[in-house]
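If you're matching them up, the sequences are chains A and B in order. Note that the first sequence covers residues 1 to 415 in the numbering used here. Note that the second sequence covers residues 1 to 415 in the numbering used here.
It is worth saying that the hints were derived from the structure and are not from the lab.
Since the list can't tell identical chains apart, any single copy or any two copies may satisfy a pair.
As a list, the in silico PhoX-like pairs of lysine-lysine whose alpha-carbon atoms are at most 20 angstroms apart:
1) K267 to K118
2) K94 to K137
3) K12 to K125
4) K5 to K175
5) K167 to K265
6) K265 to K170
7) K94 to K77
There are 2 protein chains.
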Amino acid sequence: MLQSKLFTRPRKEAPRDEVSKNAALLVRAGFIDKLHAGVYTYLPLGLMVLKKVENIIREEMNSVGGQEIYMPSLQPKENWVKTGRWDTLDVLYKVTDQSGREMALGPTHEEIVAPLAKLFVTSYKDLPFSCYQFQNKFRMELRAKSGILRTREFIMKDMYSFHRDEKDLKEFYEKMKVVYARVFERIGIGSQTHLTYASGGSFSQFSHEFQTVTVAGEDIVYICGKCGTAVNDEIIGIQTTCPNCGESKLKSEKSIEVGNIFELKTKFSEPFDLIYTDENGEKHPVHMGCYGIGPARAMGAVVEVYGNENGMIWPESISPFRIHLISILGSADSGAEVRAVAEDIYRELEKKGISVLYDDRDLRAGEKFADADLIGIPHRIIVSEKLVKASQYEYKDRSADLEKNVSKSELLALF
Amino acid sequence: MLQSKLFTRPRKEAPRDEVSKNAALLVRAGFIDKLHAGVYTYLPLGLMVLKKVENIIREEMNSVGGQEIYMPSLQPKENWVKTGRWDTLDVLYKVTDQSGREMALGPTHEEIVAPLAKLFVTSYKDLPFSCYQFQNKFRMELRAKSGILRTREFIMKDMYSFHRDEKDLKEFYEKMKVVYARVFERIGIGSQTHLTYASGGSFSQFSHEFQTVTVAGEDIVYICGKCGTAVNDEIIGIQTTCPNCGESKLKSEKSIEVGNIFELKTKFSEPFDLIYTDENGEKHPVHMGCYGIGPARAMGAVVEVYGNENGMIWPESISPFRIHLISILGSADSGAEVRAVAEDIYRELEKKGISVLYDDRDLRAGEKFADADLIGIPHRIIVSEKLVKASQYEYKDRSADLEKNVSKSELLALF
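Use the sequences and the hints to build the structure in full.
Here it is, written out as structure tokens:
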């Protein structure tokens with residue numbers, strides 16, 4: 001893409017009211033814009049990152065047989081009354097239509113997916129299965145000061161699984177632990193993200209979170225120095241050793257919850273009468289699990305881990321483009337030649353199917369580099385008068401902090 | 001995909017409260033489920049169709065340089081007060097948060113995109129550009145009886161364009177007419193869909209709609225017998241001849257509005273002070289256009305056009321799968337052989353990158369064919385005991401109503 005065509009551009013200064021590092025950086029870089037407290041617009045570069053995170057999650061959900069669906073935000077009050085959450089869930093936004101009918105703006109979808117499953121489950125032969133969605137959630141958060149880590153409106157991937165018994169649920173749940181770890185590995189925060197034991201409420205002994213260690217975190221986790229498993233704040237009082245390996249040395253760190261998985265068991269199948277008939281004609285409630293990841297929160301966690309005062313270096317898997325090509329035009333005389341060389345390599349790279357952001361703007365080198373640092377594409381190619389004269393390109397791998405001058409054929413061979 | 005793994009299945013009967021053909025068919029086929037009036041869940045097969053419609057629209061928007069973004073649903077009241085629409089737009093859902101602050105649930109995004117553009121537009125050099133989104137809209141519709149044609153919550157593609165003057169807006173607007181026609185052509189309703197002159201309000205002489213002729217339509221259009229251009233109900237009183245070619249014979253037809261385009265001009269740039277400075281240092285308001293398509297409504301229009309009492313035949317471009325492979329297992333003896341042949345061809349087709357729904361279920365032929373008719377995949381391959389004995393496959397192109405027995409190599413050569 002030609003950078004001159006991009007309608008957004010980096011801003012000189014962070015907005016004064018943006019205290020979080022992730023949002024301050026992403027707003028400065030032109031990836032997002034804050035509409036009001038806890039509510040953000042995703043601009044072209046930001047949406048590209050978000051979609052890449054989503055696609056990685058989608059591939060992993062499909063790998064365990066998850067079937068993608070899309071459920072509504074406008075949810076009948078009756079469903080929420082049935083589970084007792086209409087009056088108890090404090091983050092629930094409520095809407096009234098012209099006839100005075102009240103509805104919930106979905107903060108989660110157990111109240112919708114359980115009766116949906118009832119349409120298709122009668123026999124043990126209909127189990128197990130799982131379905132998931134990427135869907136906009138609404139939560140009336142009191143605190144909305146952590147940028148895109150905690151917002152009032154956000155896309156969430158929520159998966160729900162359905163099983164004949166606790167054993168089958170447990171097997172799937174263990175598979176999901178592995179799949180979740182792979183998601184965070186693929187988006188670049190695998191080594192900072194810990195499987196964390198959390199309180200399971202009244203229905204399971206534990207649930208699990210995935211917590212990414214960073215100083216911006218709102219949570220605190222206690223990490224086992226031996227195996228890397230963690231426990232969260234809620235349960236450290238009752239669980240003072242590593243629940244995985246028994247190690248007694250746990251180190252506290254600030255962290256961001258980037259995912260969570262729950263064994264819901266029959267908590268939602270019972271109120272909605274979601275039952276199946278087994279081989280002997282006996283009826284049982286379906287066992288459910290639920291599994292959440294917020295792609296935007298995960299993106300925010302990546303920014304907290306990889307951002308610095310000058311900008312970002314995106315992990316290649318979720319970078320908006322693979323290469324940032326920058327022309328340094330110099331004088332009017334040399335400018336035309338530099339431009340021709342840059343356009344030529346731009347075309348060649350695009351022809352190879354490599355996504356390139358080409359900074360073709362007529363700006364000073366310093367300004368272009370500052371913008372490029374903010375945008376954070378990991379591979380950079382520079383074309384300048386001096387380089388063109390030597391038939392060379394400057395190539396920089398920013399993650400590896402590697403920089404070298406290369407010929408055209410050497411450059412093309414790198415990708 | 002193995003049909004036995006799909007968690008949904010066609011239902012025997014249409015739901016009694018579903019009066020529209022599109023929703024009755026899609027619910028029976030297991031593509032959608034009605035949560036409550038005007039609010040639907042998209043199930044796996046339905047979401048596949050919706051995503052294909054979206055991708056066609058996305059490709060066409062990108063072809064004119066549109067940049068994809070994603071704006072929020074929770075919108076500040078102030079923005080709506082500024083344009084005077086807080087009190088006048090009757091479909092506006094309003095939400096109040098815990099601090100008593102009122103917000104709109106976005107039914108459209110002019111109130112958000114105009115101040116957003118203001119962040120990035122100062123000079124004539126920043127124009128023109130266009131941006132679009134696929135985003136969930138909320139509209140408090142009084143009538144919600146046309147299935148997925150008119151719902152209270154729906155994904156909409158809304159594009160907004162920004163220009164220095166009316167001439168530049170007009171040029172882009174004309175380009176969008178062509179692009180819109182191509183979208184409807186690609187999703188299979190090109191020949192039923194007419195460019196329609198509509199009322200432009202106080203800001204333009206005309207706006208334009210794209211209307212698909214079908215008996216289920218809520219609208220009426222008057223179509224020129226000569227050039228195919230139409231006028232809508234609102235303006236037939238003042239415009240009694242074809243506004244394109246002057247022809248006086250116009251034929252009335254029921255129709256569905258599947259898209260609309262407006263020249264907003266300065267209606268939204270003025271309240272939000274969206275101005276730019278020209279080459280001479282003079283300031284002018286930005287001229288805007290907006291361009292909407294509801295992918296679900298377009299999908300509903302396709303069902304109205306292609307559906308019949310037995311089910312659907314999807315246009316290949318938006319069919320959930322390209323091929324429906326059906327095994328007729330017969331007796332236990334022959335069943336194993338039929339299954340082996342069907343699995344073999346399933347693997348070969350998938351290896352070629354062709355998407356196949358393989359009905360591997362252990363059901364009677366009649367039941368499988370009835371389900372396949374409902375689901376509506378255009379190409380069908382049948383494997384049965386008799387065919388296997390003759391080393392043949394039955395291939396059916398349902399759109400062309402063509403049926404023939406072919407060998408394996410002939411079959412593979414068809415795709």
